[in-house]
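Each chain is listed here by its residues.
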Amino acid sequence: MVARTAPPSTTDLVRQAIQGRRFGWGDVAFPAALLLALLFALLFLATLLVDIFIKAWDALAGRGWSVVTNPLSLNADTAGLWQSIMGSLALAAVVAALAFPIGIGAAIYLEEYAPDNRFTRFINTNIRNLAGVPSIVYGILGFTIFVRFVRAVGAGGGVGGKNLLAGGLTLAALVLPIVIITTAEALRAVPVSIREAGFGVGATRWEVIRHHVVPYAAPGILTGTVLTLARAFGETAPLLLVGAATGFFSVGSAGLLGKATGPYTALPVTIFSWARQPGAEFRSLTAAAIVVLLAVLLTANAAAIILRNRFERKW
Amino acid sequence: MTTETPTIDLSGSRPRLRREQRVRRLFTGAAVTSILISLLIVGSLVGEAWNFLRSIDLSWLWDLGWFPRRDMFDIKTVMTGTLLIALIAMVVATPLGLGAAIYLSEYASPRARRWLKPVLEVLAGIPSVVLGYFALTWISPNIVMRLNPHAGVFSMMSAGIAVGLLVTPLVASVSEDAMRAVPQALREASYGLGAKKAGTSTRVVFPAAISGIVASLILGLSRAIGETMVVAMAAGAVGGSLFEVDIFQPGQTMTAAMTALAIGSDQVAGSTNAFQSLFFLGLLLFLMTLALNLISDRFVRKVREKY
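Chains as they are written, first to last, in the working numbering: chain R, 7 to 321; chain X, 885 to 1191.
The set of hints was computed from the structure by calculation and includes no laboratory data. Keep in mind that a hint or two might mislead.
Stated by the list, open to error - To give a feel for the contact side, a few chain R residues facing chain X, derived at Cβ under 7 Å:
| no. | residue |
| --- | --- |
| 1 | L51 |
| 2 | I133 |
| 3 | A179 |
| 4 | W212 |
| 5 | G240 |
| 6 | F278 |
| 7 | A281 |
Remember, it's a predicted structure, so these values are computed and weren't measured experimentally. Ideal Cβ positions, reconstructed from N, Cα and C, are used throughout, including at glycine.
The shape of chain R in the complex, shown without the other chains (with noise of 0.2 Å):
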């Protein structure tokens, strides 16, 4: 008969736990591995600026500010991204315009009055499967819907459609379920005993919240709003399918409505562009549109982390 030994008892186990060796090299490898993950990714990133940086410099320093006040051209030396920038400016507008007061209104009636019936909880459901479509759907949902909709009520402009207004209007609805999102959490922030108090003293939900509910969440709401202005900034795709000029065009003397119903191109869609060219030409110029975007989205975030930071409040 094979004499079998015990299985430590629980105490042994915890008296050698507490007892025993303090030091393991399994305790610093750990977390070195774990900070190494991150450190990686964030190696990944530093190169990526580094990188970019170093192969805009020859156009940056040799070119200065031409870069970006000259209008796009298929020549190299001369081309610049005026027209692109004020493209990507138009629509950030346009976005700004529509998808902000949409949004906001969406999430403060799923989160002020939307009873918690089935109802609203399809709307939320709904809103976060949004926020997961890819992006080239919401250029499909342009080309199919929003063109059209531009051209028949007469806006389409020499284009067919596919305009500034398109375009912004796709970009809309693509970060409209992120606007909803954000913002819900900053009204989800402000506690109930704020509102409770308001209706207190007699004031109605409308009032509560105008004077009350919305101030308090204000710098979560807008530090919300410019992360997703940047996000629609620097979104390629969905601008491919609604008629974002890859090669180079002329607004010659336009008004302001012929320049929002004409011709349009983004500052990504010139970086695509420019990326795809064969010829070794635009190389630098391609690291130097994308060293303006990331400047613009850089400032952005900062922004953002700046407002959070300054006007995070406990409660």
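Based on the hints, put chain X in the right spot on chain R.
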């Protein structure tokens, strides 16, 4: 002796209540817009995709490769490309994202967290067109071509690595949220039994947060499948491609094929079938990501119910 009880009208002023109703209706309308957008997305995809399927011979969907201009709409080519790149991306993003999440949630001091989180958010904010350029001009020559000297400039490998970097912050932030939601009492109980920090993290906190972690990985996979610009720029096969399983070769993904059709780089004007295939691919992509998102949503809700 009778006292008259004064009656007080508590219904409030009429104009005030009317305004209240108007505001409420306005906000309800805003919320319903999101449903309208979903309906429009589904409508625009299904209608055109159905037209596409009706106008082609179904055997064209199983062929030697994806060449829309020559009526070769091989699904397995684009599916394989998509899944291979998403797989590479998850091989990169899972260790990096989960490692970063455990570190931030369990080890980092509040001070370090205040610095590291924003930097990770910056990585999340890098546009995909920039990562596509980086994949093409840095990852491809410095990593992929060193790993395999036969690899070309365009390869599924370099696109996959870049997509992985894109997905890492998402995986990290969702799974960190899940681990931070684990109650402190569980950790203290573990320490009380004499467990060390590493053991507590891996055997108590990690299993307790497992549904959130799984959700983060599914969400990451969904994002990787839908990523467009990186694969359109770095994976190579712009117009069409033969069936390919070698990750060091160029490959075709659903999103890259859609981009090619959108910008007309393969001259689709001649064939309407080719352009219609864009909607078919869009529908496939939409259904795949929708399924993954719904599953991940289910997992996230499980975490919320537990704690």
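A quick look at each hint next to the structure:
1. Interface restraint check for L51/R: the shortest CB-CB distance to chain X comes to about 5 Å, inside 7 Å, so the restraint holds.
2. Because the smallest distance between the Cβ of I133/R and any Cβ of chain X comes to about 5 Å, under 7 Å, the interface hint for this residue holds.
3. For A179/R, the interface hint holds, the least distance from its beta-carbon to any beta-carbon of chain X being 5 Å, beneath 7 Å.
4. Hint status for W212/R relative to chain X: holds, with the closest Cβ pair at about 5 Å, below 7 Å.
5. Interface hint status for G240/R: upheld, as the beta-carbon distance to the closest one in chain X is roughly 3 Å, under 7 Å.
6. At its closest, the beta carbon of F278/R sits 5 Å from a beta carbon of chain X; the interface hint therefore holds under the 7 Å criterion.
7. Interface restraint check for A281/R: the shortest CB-CB distance to chain X comes to about 5 Å, inside 7 Å, so the restraint holds.
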